[in-house]
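Sequence order for the protein chains is B and G. 1 is the number of the first residue of the first sequence in UniProt numbering; add one for each residue after it. 1 is the number of the first residue of the second sequence in UniProt numbering; add one for each residue after it.
Among the hints, a few may not be true.
Since the list gives no way to pick one copy over another, a pair counts as held whenever it fits inside one copy or between any two copies.
As the list claims (entries may be wrong) - Computed list of lysine to aspartate or glutamate pairs in DMTMM-like fashion (alpha-carbon distance at most 20 Å, straight line):
| no. | residue 1 | residue 2 |
| --- | --- | --- |
| 1 | Lys-205 | Glu-186 |
| 2 | Lys-205 | Asp-260 |
| 3 | Lys-114 | Asp-162 |
| 4 | Lys-205 | Asp-252 |
| 5 | Lys-128 | Asp-162 |
If you're looking for bench data, these hints aren't it; they were derived computationally from the structure.
Number of protein chains: 2
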Amino acid sequence: MNMEIHTVTVVGAGTLGSRVALQCALSGYRAKVYDLDASILETSKATMQKLLRQLRKQGSLLPAQEEGLSDRLLFTDKLGEAVEDADLINESVTENLETKLQVWKQIDNLAPEKTIFTTNTSFLLPSKIAAAIDRPQRFCALHFHDVFFARLLDIMAHSKTDLALIPILEKFGRSLNQVPVVIQKEYPGYLFNTMLMSFIHAAGKLLTRGVGSIEDIDRSWMVNFHMAIGPFGILDQIGLDTAWHVTRNNPDKYTQAFADLLADYIKEGKLGEKVGAGFYSYPNPRYRDPNFLK
Amino acid sequence: MNMEIHTVTVVGAGTLGSRVALQCALSGYRAKVYDLDASILETSKATMQKLLRQLRKQGSLLPAQEEGLSDRLLFTDKLGEAVEDADLINESVTENLETKLQVWKQIDNLAPEKTIFTTNTSFLLPSKIAAAIDRPQRFCALHFHDVFFARLLDIMAHSKTDLALIPILEKFGRSLNQVPVVIQKEYPGYLFNTMLMSFIHAAGKLLTRGVGSIEDIDRSWMVNFHMAIGPFGILDQIGLDTAWHVTRNNPDKYTQAFADLLADYIKEGKLGEKVGAGFYSYPNPRYRDPNFLK
Numbered sequence: 001m002n003m004e005i006h007t008v009t010v011v012g013a014g015t016l017g018s019r020v021a022l023q024c025a026l027s028g029y030r031a032k033v034y035d036l037d038a039s040i041l042e043t044s045k046a047t048m049q050k051l052l053r054q055l056r057k058q059g060s061l062l063p064a065q066e067e068g069l070s071d072r073l074l075f076t077d078k079l080g081e082a083v084e085d086a087d088l089i090n091e092s093v094t095e096n097l098e099t100k101l102q103v104w105k106q107i108d109n110l111a112p113e114k115t116i117f118t119t120n121t122s123f124l125l126p127s128k129i130a131a132a133i134d135r136p137q138r139f140c141a142l143h144f145h146d147v148f149f150a151r152l153l154d155i156m157a158h159s160k161t162d163l164a165l166i167p168i169l170e171k172f173g174r175s176l177n178q179v180p181v182v183i184q185k186e187y188p189g190y191l192f193n194t195m196l197m198s199f200i201h202a203a204g205k206l207l208t209r210g211v212g213s214i215e216d217i218d219r220s221w222m223v224n225f226h227m228a229i230g231p232f233g234i235l236d237q238i239g240l241d242t243a244w245h246v247t248r249n250n251p252d253k254y255t256q257a258f259a260d261l262l263a264d265y266i267k268e269g270k271l272g273e274k275v276g277a278g279f280y281s282y283p284n285p286r287y288r289d290p291n292f293l294k
Numbered sequence: 001m002n003m004e005i006h007t008v009t010v011v012g013a014g015t016l017g018s019r020v021a022l023q024c025a026l027s028g029y030r031a032k033v034y035d036l037d038a039s040i041l042e043t044s045k046a047t048m049q050k051l052l053r054q055l056r057k058q059g060s061l062l063p064a065q066e067e068g069l070s071d072r073l074l075f076t077d078k079l080g081e082a083v084e085d086a087d088l089i090n091e092s093v094t095e096n097l098e099t100k101l102q103v104w105k106q107i108d109n110l111a112p113e114k115t116i117f118t119t120n121t122s123f124l125l126p127s128k129i130a131a132a133i134d135r136p137q138r139f140c141a142l143h144f145h146d147v148f149f150a151r152l153l154d155i156m157a158h159s160k161t162d163l164a165l166i167p168i169l170e171k172f173g174r175s176l177n178q179v180p181v182v183i184q185k186e187y188p189g190y191l192f193n194t195m196l197m198s199f200i201h202a203a204g205k206l207l208t209r210g211v212g213s214i215e216d217i218d219r220s221w222m223v224n225f226h227m228a229i230g231p232f233g234i235l236d237q238i239g240l241d242t243a244w245h246v247t248r249n250n251p252d253k254y255t256q257a258f259a260d261l262l263a264d265y266i267k268e269g270k271l272g273e274k275v276g277a278g279f280y281s282y283p284n285p286r287y288r289d290p291n292f293l294k
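Please construct the entire structure, taking both the sequences and the accompanying hints into account.
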């Protein structure tokens, strides 16, 4: 397949979609950001400005990346306009199959033949979405983590994906400074999220069974792995509401006990770092105190 | 309890016992190293010399720590001599309950009243050992990881442990530059090992189900967590034989499939880094190649 990617359309301008679109524009692509809600597009612009300030502060932006940046970033609440000339679409709408199916049926009607369709789903299987569109062979999962710090990129085909897409997506991922990994078969959670959820479930079980405190569980992980964060700090970053959605349907009784604990925190409004409180209080959670590991 | 620790006896001079004894001597304690096999004591001395060279090379030894070091380290194959004046005993014999019970019954007969008894078991419960001795209240788990890089120290009492021992063990642990964590109830694997085994089981399942390759599973973990090693590299460090012992009795069918895979490697002599081959080849495994994360 001789396929050059110039224009990338991100569908869904939430946190992750905004990060993907910004990194595309910083990497020289024309990036179109679509959301049906114009106010989310405004939030997305602000999110990108904040990210740019952080990246500049860290010294991780080259002047060439910022040159003409605003010309390469387009925002629209019209789906037809968003996809009409897209070489690649990466969809980051709400993690709900019905919502994704509705969006993909529309995209399927509006996008040109050349477009590569990719979804950024965390736990849904691409085959479930591909089954609802007329060109399943153009469809593949392309799953980013947080783009700038966690640079893993999961590439996961379904049984009808045209495998010629895989090397194109790998090359595209590397051009975005990501580390692509090709998953060998459809699996909910890919590789990293599967391992992440597994050790987070173990941490939740240790807490609900009263084996260790939140701080001691995090401390154990951080000391031995020389990591700046442990499982409960990670949960605060993921969001306790998101974690609850992932755990609540797991039949394991310990996972259920942990989902109930998460529900208690959520009732109190403690959704994690994004609202200033979760398992820890922000902006200065105890696990970031230099004395935490003593 | 007014208890000063001066003399520490390490029972079992394998890899971990040698590391614990060396760190005790480097921290100013008189450290007695016992093993019933005199050849293991010779290996232990060589292990300590190698460790000292590494620590000097890293610049992590103060001259004061090395001063009089050899006078503070005593080696003996006579258990009576080893424990007769011990303030604290840390036992690191083979991870097998029968073996540990035999050793502890002897220690119980030979050690003075003042001695604090601790076991370095990874997965056995201290109550199982304490039940076989005459002074269960003096007995507690005190579990080191690798002492120098992974500095977590698990302190886990059983129901009859005199709780006055806990702050003594915490203080002792800090004096050895460890980070003590007090486990709230008996649990096999403490906090860290429970989480470690959980994500390693997940990695094993991803491999045996054909979802990802060894390298892609490790790569995923390393990229997102900015870690120098992933689950299969960690298994090579733990030893595939040790991992097999921990996984083979788990009834979960995917864990069984992974135990079978480990058994295949073990049959080929691939026990991990200690023998130069496991999931990777040593001394230059691919995951340490700077291009591995590209």
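Violations among the numbered hints: Structure breaks no hint.
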